[in-house]
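In the order they appear, the protein sequences are chains G and L. My numbering puts the first residue of the first sequence at 1, with every later residue one more than the last. My numbering puts the first residue of the second sequence at 1001, with every later residue one more than the last.
Honestly, I wouldn't trust all of these hints.
Claimed, not checked - Listed next, the in silico DSS-like pairs over lysine-lysine satisfying Cα-Cα at most 25 Å (straight line):
hint, chain 1, residue 1, chain 2, residue 2
1, L, Lys1162, L, Lys1004
2, L, Lys1267, L, Lys1351
3, G, Lys216, G, Lys100
4, G, Lys216, L, Lys1047
5, L, Lys1235, L, Lys1275
6, G, Lys4, G, Lys21
7, L, Lys1267, L, Lys1278
8, L, Lys1047, G, Lys100
9, L, Lys1047, G, Lys213
Claimed, not checked - If you want the ones that stay clear, here's a sample from chain G, every Cβ over 10 Å from chain L, calculated:
hint, residue
10, Gln10
11, Glu15
12, Pro34
13, Met52
14, Gln55
15, Ala56
16, Asn75
17, Met78
18, Val89
19, Gly162
20, Ala166
21, Glu176
22, Gly183
23, Gln207
24, Asn211
25, Phe247
Said to hold, decoys possible - If you want the footprint, here are the derived chain L segments under chain G, 3+ residues with CB under 8 Å:
hint, region
26, 1007-1014
27, 1200-1206
No lab work stands behind these hints: they were computed from the structure. Cβ coordinates follow ideal geometry from the N, Cα and C atoms, glycine included.
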Amino acid sequence: MEDKNSLYAQIVSPENLVYRKTPLMTEKPLSFCPGCGHGVAHRVIMEVIEEMGIQAETIGVAPVGCSVLAYEFMNIDMQQASHGRAPAVATGIKRCWPEKFVFTYQGDGDLAAIGTAETIHACNRGENIAIFFVNNGIYGMTGGQMAPTTLPGMRSSTTPYGRDVALMGNPLKITELVAMLPGTYMVARHSVHTPLAVRKFKKAARQAFENQKLNKGVSFIEVVSNCNSGWKMTPNDANKWMEQNMFPFFPPGDIKINGEMVTKTAKAE
Amino acid sequence: MGDKKLMKGNEAFAEAAIRSGCDAYFGYPITPQSEVMEYLAVQQPEKRTGMVLLQAESEVAAINMVYGAAGTGKRVMTSSSSPGISLKQEGVSYLCGSQLPCLILNVMRGGPGLGTIQPSQADYFQATKGGGHGDYRMIVLAPASVQEMADFVKLGFELAFKYRNPVTMLSDGIIGQMMEKVEMFPQQARFTEFDQSWATTGKTADRERNIITSLDLDPARHERHNIMLQAKYQKMRENEVRYEAIQCDDADYIMVAYGSCARICQKSMNLLRAKGIKAGLIRPITLFPFPSEILAEKAPRLNGILTVELSAGQMIEDVRLAVDGKVKVALHNRMGGMVPSPEDVVDAMIKSFSIK
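With the hints as extra help, turn the sequences into a complete structure.
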C-alpha cells in the first residue's frame, strides 16, 4: 500500500486534482488510433454537457464510420444511425422531444458524401440541433479510401496516385455550403490538435448547445482532424501535415455567427 | 361511439392516425398514397392533437426520421408506395434490428422499377419475407376495405408496441383510392403514458444510458440477439394469425386472396355458387404470420385451391407450403396494374380444376 503522506498520494488525492476525466465519458478505453482527434472531440462535447448539467436532457446520434462507436464512450442516451442519415434521425428525435438537446456526431464520408441530402435539408429546415462534423479528409474505418474532402493530389487507397480532380472531382467544402442556408444559425470550423484549438472548439461546442435553448436552428461545427492510420503518418507528422495542407483548404474560424455570415472567411476560394 | 364518414382509403388511414393518438408522421409524396399526407396537412394534426407532421426530403430521410422518433418511444408512422417502400427498406431493417415499434403503410402499385401507378400486389415477398437486409420479419396486415384502412392503424400500433417491431399495412391502389362508408373510432388521447425504459429520453442518474442500435461487433452476442429476434417472430406466428373464412365449411374449392383481390373473389364465389360449384374464400388478414394452419386443415377435403393475386404469383408459395402437396394449387393473376374481373376468376377456377 502507498503511504498516505507520499508525494504520489498527495498528487492523486481528490482535493489536489487539477484535471479529471469527465464522468460523461464511460470507463471503456477509447478504440481510436493513438493520436486521433476523435477522442478529444468526444471528451470536449461530453465536458460541455457535464458543465451545462444537461446529461438527462441530451440525446446523441452517431452513424457509421469511426463515429459508430461513440455510444460506447459517451455516457448519454444515444441512437445509432445508418450511414449518412444522422440528421434525419436527429430530426425525428428533436421533433418528438423539442425541449431536449439533440446532436449528431459525423465523419466526412457520412456527412458530406452519402448523407449530403440529409445534411443539407436538415440545415435548410433549420432543425434545432447541433451537428459535429469531424473532417479528416479520408475514410478511416473502411481503410483509408477517398472521402469527399480528400485534398487534390492526396493519396488514399482508392486514389493511390493522388486525387486527380479532373477524374474524381473537387473536395467538397460542405461547411461553407451549409453556411449559405438560412436554417443554420452558427457555422464554424475548428480543430483539436493543440490546447488552444481545443479551448476554441470547446467554447464553440458550448455555444452550439446554448443555441438550442434559443430555438434558432442548426449549429454546425466542423472539426478538422488527422487520420494517422489513413494518412500513414505519426501523430506529430499528421498534425503538422494537417496544418500545412488541410488548413489552407479548410481554414479554421467562424463562418456564421448568430445567423449572420462572417464575410471574411465565407468567401469562396 | 364513432361517427360515419364517406372517405377514401388513404384519408381513412390518415384520420385514424390522428384519432389513434399517433405522435408523429414523416412521409414523402408518391402516387397512389399522397392523399395520406395531404389529408393530414389539411387537418393540421399539430393543432388537433399535437401530432408532428413533416414532409421529408426523400423516402430515405422519412424512414430515418421515423427511426429516430421511434427511438424516443413515441407512436410514429410513415406511408409510401412500392418504389418509395423500396427506398425505405434499409431503415426498416434498422428498425427491426433495433427493435423499434412503428407503423408503415404501403399502398402498392405496379412494378418492377417505376412501373405504373395502378394497383398491384407485387410487394408481397418484400413485405412478408424481409425486404431489407438481414433476418427479420414484420407483422403484415392486409386491409380489404376503407374500414380496415382505419381500424388497422389502431391494431397496427398495438401490435408494433406489443412486439417492439415495425408493423406494415400492405394495401394497394384500389383500397387506397376507393371511397366507402367508414365508421371512425373516437379520438384517443396522445400516447403520453408509455414504457420509456428502453427509449432515448435522456440519461438520468437512476438508470444506465439507453442506446438504440443494431450494431454488435461481437458475433457470439450478435447471434444471441438474432436468436432472440427469431423467437419473437415465432411468437407472432403463434399468436397473431388473422384471417377470414367465408363459406368454407362445405366448400369443394377454395380461393385464397387478400386485399382488393379478396373483394373480387367474394363476387366470384357467389357466381360459382350460382353455378352449383361449392366455392369458399379464405382471406388472409395477416400475410405474416400467414394463416397456414387453416389451409393445411382444409386441404385434404378440397378438390382445389385457387390463389388470385395482382402479381406473378407470390402468396401462392405460402399457400403451397401450407398445404404441402395435399391438394392442387393454381394461380389466377394479373400484373402491372391490371385487375381481374369476378368472371375471369370464375373461368380460371373452372379451367384450372377441369370442373364439369
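Okay, which hints does this one fail, numbers in order? Numbers 1, 5, 14, 15, 16, 17, 18 and 26, in rising order.
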